[in-house]
Every structure is written in C-alpha cells, then in structure tokens.
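Colleague: Taken in order, these protein sequences are the chains called W and A. Start counting the first sequence at 1; every next residue gets the next number (the UniProt record's numbering). Start counting the second sequence at 1; every next residue gets the next number (the UniProt record's numbering).
Among the clues, some could well be false.
The list makes no distinction among identical chains, and a pair is therefore deemed to hold if it is satisfied within one copy or across any two copies.
Unchecked claim - Below, a list of computed lysine-lysine pairs in the DSSO-like style, where the Cα atoms sit at most 30 Å apart: (1) 92 with 7; (2) 157 with 189; (3) 4 with 226; (4) 48 with 77.
The hints are simulated quantities; they were obtained by calculation from the structure and are not laboratory data.
Number of protein chains: 2
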Amino acid sequence: MAIKFAKRMDGLKGSEIRELLKLTERPEVISFAGGMPAPELFPVEEMKKISVAVLEEGGRQALQYTTTEGFAPLREKIAERMNTKNMTNITKDDILVTSGSQQGLDFAGKVFLDEGDVVLCESPSYLGALNAFKAYCPKFVDVPTDDEGMIMEELEKIIQTTDRIKMIYVIPDFQNPTGRTWPMERRKKFMEIINKYEIPVIEDNPYGELRFEGESLPSLKSLDEKGLVIFLGTFSKIFCPGYRLGWTCAAPEILSKFVFVKQGSDLQASTISQMEVSKFMDVYNLDEHVEKIKSVYVKRRDVMLKTMEEEFPEGVKFTHPEGGLFTWVEIPSHLNAKELMPKCIEKNVAYVAGGAFFPNGGRENTFRLNYSNMPEEKIVEGIKKIAEVLKEAIGETAKA
Amino acid sequence: MAIKFAKRMDGLKGSEIRELLKLTERPEVISFAGGMPAPELFPVEEMKKISVAVLEEGGRQALQYTTTEGFAPLREKIAERMNTKNMTNITKDDILVTSGSQQGLDFAGKVFLDEGDVVLCESPSYLGALNAFKAYCPKFVDVPTDDEGMIMEELEKIIQTTDRIKMIYVIPDFQNPTGRTWPMERRKKFMEIINKYEIPVIEDNPYGELRFEGESLPSLKSLDEKGLVIFLGTFSKIFCPGYRLGWTCAAPEILSKFVFVKQGSDLQASTISQMEVSKFMDVYNLDEHVEKIKSVYVKRRDVMLKTMEEEFPEGVKFTHPEGGLFTWVEIPSHLNAKELMPKCIEKNVAYVAGGAFFPNGGRENTFRLNYSNMPEEKIVEGIKKIAEVLKEAIGETAKA
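Next up, chain W with everything else stripped away, as it sits in the complex (with noise of 0.2 Å):
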C-alpha cells in the first residue's frame, strides 16, 4: 500500500492568485492582482483600544471556547445591520459566524453537492468558489453574462435542461472579477426563476457595501420569499480581513445545517476575534468606517479607469464598476493574459490573468485588476506599464 489521497484531490490545485501573490510580494511590485483592501486604512489605533477592552471586560471569556454558531452580541449586531442595508426581519439566529465569507463556500459544497452535482455560475466567477465547490467534485454549467450579469432567458433554458442542479452561485454586487452589478430588473427575474424552480442559491456579498455611485440595490436575501437564498457576507472588505470574520444567513432548516458542518470543520470561529469586532461595531461607527473607504477606493477607481482610457491602445475594453474592488480587462481576442504576464512582471506590475475565472476554461483574452490595494500614484505608474505591454504586444502581432 502506498499512500493515496481522496479522489477530489486530483482536481485540486492551489489558486492561481495564492501562487502570484506569492510572487507578488517583493515591495517593488505594483499588484493589482490581489484582492487585499487598502492596509492603510485598518482601524488600528482603534483596535488597541478595543482588544485592551475586551481582555479587561472579559478576558477570560475571550481566550475561551465559545459556541459553534458564535458570539451572541456579534451575531446580534450582524442581523441589526443587515437589517438596516434592507433587509426585515434578520435575527441573530438566522446568522452563524464563519472563517471569512470564504468558509461559507466551503460549508455551502459541504451541505449540498454529492460528486457530480451540478453548480449554475456567472461566467466568469470568483476563483476562490469554484475551488471551495471542487473540493465536492460538482460539475460546473456557467451561465453566460453580458454588461448587467448573468443572462435570465439563458439561465432558465440551462435549468430547464439540466439534471441534479443542486445550487446557483452568484454575486450580484460588484461582482468579482468584473466589477458588474445586477440591475434590479435582473434581480427581480432571478428571484422569479429561483421560486419557480426553488433552488438554493449562494449569494455571495464581500463588496455590496461598497458602493460609490448609482443607487443602492436590494440583496438577493431580501427579495427572497421561500427561505431558498442563502446569503455570505465578510468583514473583510468593510473593516480587515486579518480577524477571518464572515457570516452566514441562511432559513432555519439551511442554516442549522452549515451549524453542523461549522462544528466538525473547526468548532467555532475565534472567540477573541468575535468580541473584538463587536465591541468595535459597539464603541465606533461601522457605517462611517464604511463611508471612508469608499472615499478612497472611488478615487482610485478613478484614477484606474481614467488611465486605462489615456493609455490602453485601442481595441482594449474594461468595465466601469460602480463600487467594489476590481474592473476587467478585455484584449483583443488574438492575445493571451497570461502569456503577458511575465512580460509585467518583469516590469514590476502584476494582474490577475482571466482564464482561470471561467469554469469550463476559455476566454485568456481577459484579465482583472485590483485597484483598492495600490496607492493613486502607483496605479497610474502601473496602469502605464502594463499599457506598454499591450501596446507591443498588439504592435508585434501586427506585424506579424
């Protein structure tokens, strides 16, 4: 006997933006290819003041076990405040703490997928989830979008004619990799299909906060009359993702089970973590650290996208978020992202090539950029650079 691994390792490969970051690291290196918010705005002095808190308020309680579904005033504080971005009737017990929204996905393949399950998805969709589902060895029917996101008439023609669909995967808002966000004639559509056919569906929510222009749209969860949504939100994104909090709101019957997955994954997210977020949600304004960010990262959105317009050749098209943390970038279909990409590295910028966003594969003539990471003057410096290698990359083949 030698040693054999589970079968679903075989298709298991560590995440391509993991690896970059790694390569990423060196501090000369512009990346716009993480999805890591600004350092520089993390609450820190606040911070100290609330873990001092915490540890002489209740110290011992902190450094303890908690309960699987986790700390009750974080849970509280979760559901009051989904309750105010329109949401009604969210309580503590609809809420379970989990790792990071990421977590989630894993408990979301967990719960439902049996080998060979299908899973709906955008085409293109966040990296991360199609590797937390493959670990369940799903397949994987990706839904075509267009500017406005998934395409209804073609989500409902793939259901009608697809076995064992077993969840929908989504992210309406500020979607990643693209940027684009569900209008609501979009979302209202969804819904409709979704009560017609009752299939759960993962909503996945890291940026809906983050919004800096248009107006605000309602969540999935919200339009949701059947308990079928179940809805992943992160602290990640809206205060730091170094304390790995995110959360889970989900019907009782759903919900109950992520519980069970929750307490053989890892028991319990940390304890200290928890009480520190809620006694920061407790003595600051959440809301206001919110409005901070968004100050910053529209100006380097800005920033961004008005290079790109001065300095990408023609022929390169990208999206126009409206809040959130990346655009994508779509290059003339002859040319490949990732062959590009030591070509960048090489001058010291680095994005994400888009291939591996894609399910089934396919469409390497895109790429997405990060721009909450990177200070103004560097995403112009880098924006640059990269245009540089568009430019000889399309000069070449031009030639050619």
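Using the hints provided, position chain A relative to the given structure of chain W.
Modeller: Positioned in the frame of chain W, the structure of chain A alone reads:
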C-alpha cells in the same frame, strides 16, 4: 425541485458534546462534560500587552491577509518547539497553521477519504474527529484497546483483512476520552506495522505536553521514518482556545495537499491571532506557562480520582490518566450512562455519556469526565453527586 442536501448530511448530526454544553451553561451546573481548559490560567494580562505591541509594531500587517501556510515566524516557533520535544529536523516548511487541530481533522478527511474508504481508529475515540471524518462518508473500523491503548495484534489482523484502509486515526497521549497513554513498546510496534503496510497516520496530540507524572514518551511523528505520520498540534490546551490556532506537521507531499485544502476552506488562519501568539512566545516563556497549567490540573485530577475512590460504589472502574484532561468511567454493564444523565443534570452535575465515542456504537455503560475546568471543591461536590446517582441506580437494579 425542492432543496436537497448532499448525502453526507444524512449521517451528520450536531456533536452531542456541543449540544450538551448548551444545557450545562447554567452557572450552577458543575460540568465535567466539555474539554475546556481552566480560564483562570489564561494569560489575560500578558495578552493585553501583547495585543497592543502587535498592533503598534505591525498593525497593518496584523489586520491584512497573510499566506495560506501561516505567519512565517509562528511556523518557525512551532517547528523549533517541536524539535525541543523529542522531534528533530522539523522546519517551518513542515508546518501549516490551522484553525485549531479540529481543522486538521477535517482536512485529513478531505485529503484522504473517498466515500466508503476505511478509517481505522481506537475504540473509543474522539467524537469530534469521528464527526469531522463522517463528512467524507468513510466506514470506521475500530481497533480494540486495553489499558495501554490500541492492541497491536488486533491492529495488524484488521489491516490484513480489511480493504480500502486510507488512514489510521490515533491519540497516543492521554487519549480523549479515556485518558490512556500508549507505552513505548506499543509505539514501536505500531510504527513497525505502519512502515510495513505504509498507511498514513493521523496523530492527534492536543494533550501530549500536559504530563503530570511518569516519563515523557516520543510522539509517533518522532519515530516516523517514511513520512507517514501527520501530526496535529494545538495551542488550545497549552495556551488558550479562543484564538483557534493549531497546526499540522507532515511530509511535504502530504502537507502541500493540506495547504491546497486550507486555501479553499478559509484561505488562512487569522493573521492577528497568529502574530499575537507568536509574540507571546517571543516575550514570555510558553514552557513555563505549560508548567503552571500542569501544576493546577494535576491537583484537580488527584482530587477527582481520590473522591471517586472514596465515593463511587463497588463495580465502578475508572482510568488513572498520567496527564491530559480526562478520565473514563465504566459502570456495571447493565447500566446506561445516557439514561442516568437527566438525573445528574437534575443535581446540577454533568458528564458525557460514553456511547457516542464508539464509532460503531455500543458500550453505553461508560462516561467521560473532564477535570481541567472545575476548581477542586466543585470537583469533590460534583463527584459526590454523581456517586449518589450511581448508588441509587445500582440499588434500584439490585432491588429489581
């Protein structure tokens, strides 16, 4: 279509221990049920200083994402520390930081188990591990144990007659639930068998450092010559559980699979928790802290064993743990510990009935007692109450 969960969810139910803990949260209950450390020993004052120092020296880093493998200085310290506890040549590259060792158990299941694969384990074994593995739908084959742990002749017989064995799960030091420790001879024999049949071993070692008496014995990992042993460690019992930090130490080929799985599961362990625990180890002496814990736990164990000797009726047996957190009680075979629980709860005392620790059921005349979480006078009081329940039950059945 209605909501349909994955098949694995049929077999999963909430851990009896976690559910029970909820019942025993009333402050008047003397609970020997959980596996909780003594909160009065947590280094609360030290962590106040540490948390401020971490945020002052590297606040932005602490609140940001880090690598999936974990915060490098913490991984280095874990490796160095393992090398001082009769391990050799462990480096940070052999270490993945996990959310408690519970997460290492989940990952072991994810990395190794296809549906129907066989896990060998001790009988009884740690309930939380069995639940973690169950998510991957294996069959459990339990290897008989005696007062010295797993019986090696039985193990070899089972290996020779069982198909699809994917891994062996063991807790050789102060086992949960029995408190038993494998002597040196068993360890050597075990590794001979493992090397012969080349089966991966999950060595769960949360309590190994908490030895009160007798000679320290080498971990299986330290005897591992073929890279077959996956060692799971945790800060929960030697420091505190609130940070949810543990680690997996394994050969590169195996560890890289765990890292892939960590990416999809929750990206990484909490950055700030890792930096704080690392800093604690820089500034304070973790070994001294462990000595302090041991000096308290040994007294609690002594009081518990002495009170049981004095108070428990004839026909009741219990183990004499040389370390760790638990002792294991066997009552006359016609009694059922689960059925006696309501009577105990009525008297405000709680244990965990033993049946659930047997992967394939049985042995309802057993229960687990934890002595780490209650002060000595409460231990005396609680054991006397359990003794009353036992005497009454034995008396009743004698009359009947």
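Colleague: Please go over all the hints and tell whether each is borne out by the structure.
Modeller: Here is how each hint holds up against the structure:
1. 92 with 7: Between copies only: 28 Å across, 38 Å inside.
2. 157 with 189: within (13 Å within a copy, 61 Å between copies)
3. 4 with 226: between (43 Å within a copy, 14 Å between copies)
4. 48 with 77: The answer is both: 21 Å in one copy and 25 Å across copies each meet 30 Å.
In terms of the numbered hints stated before, the structure departs from none.
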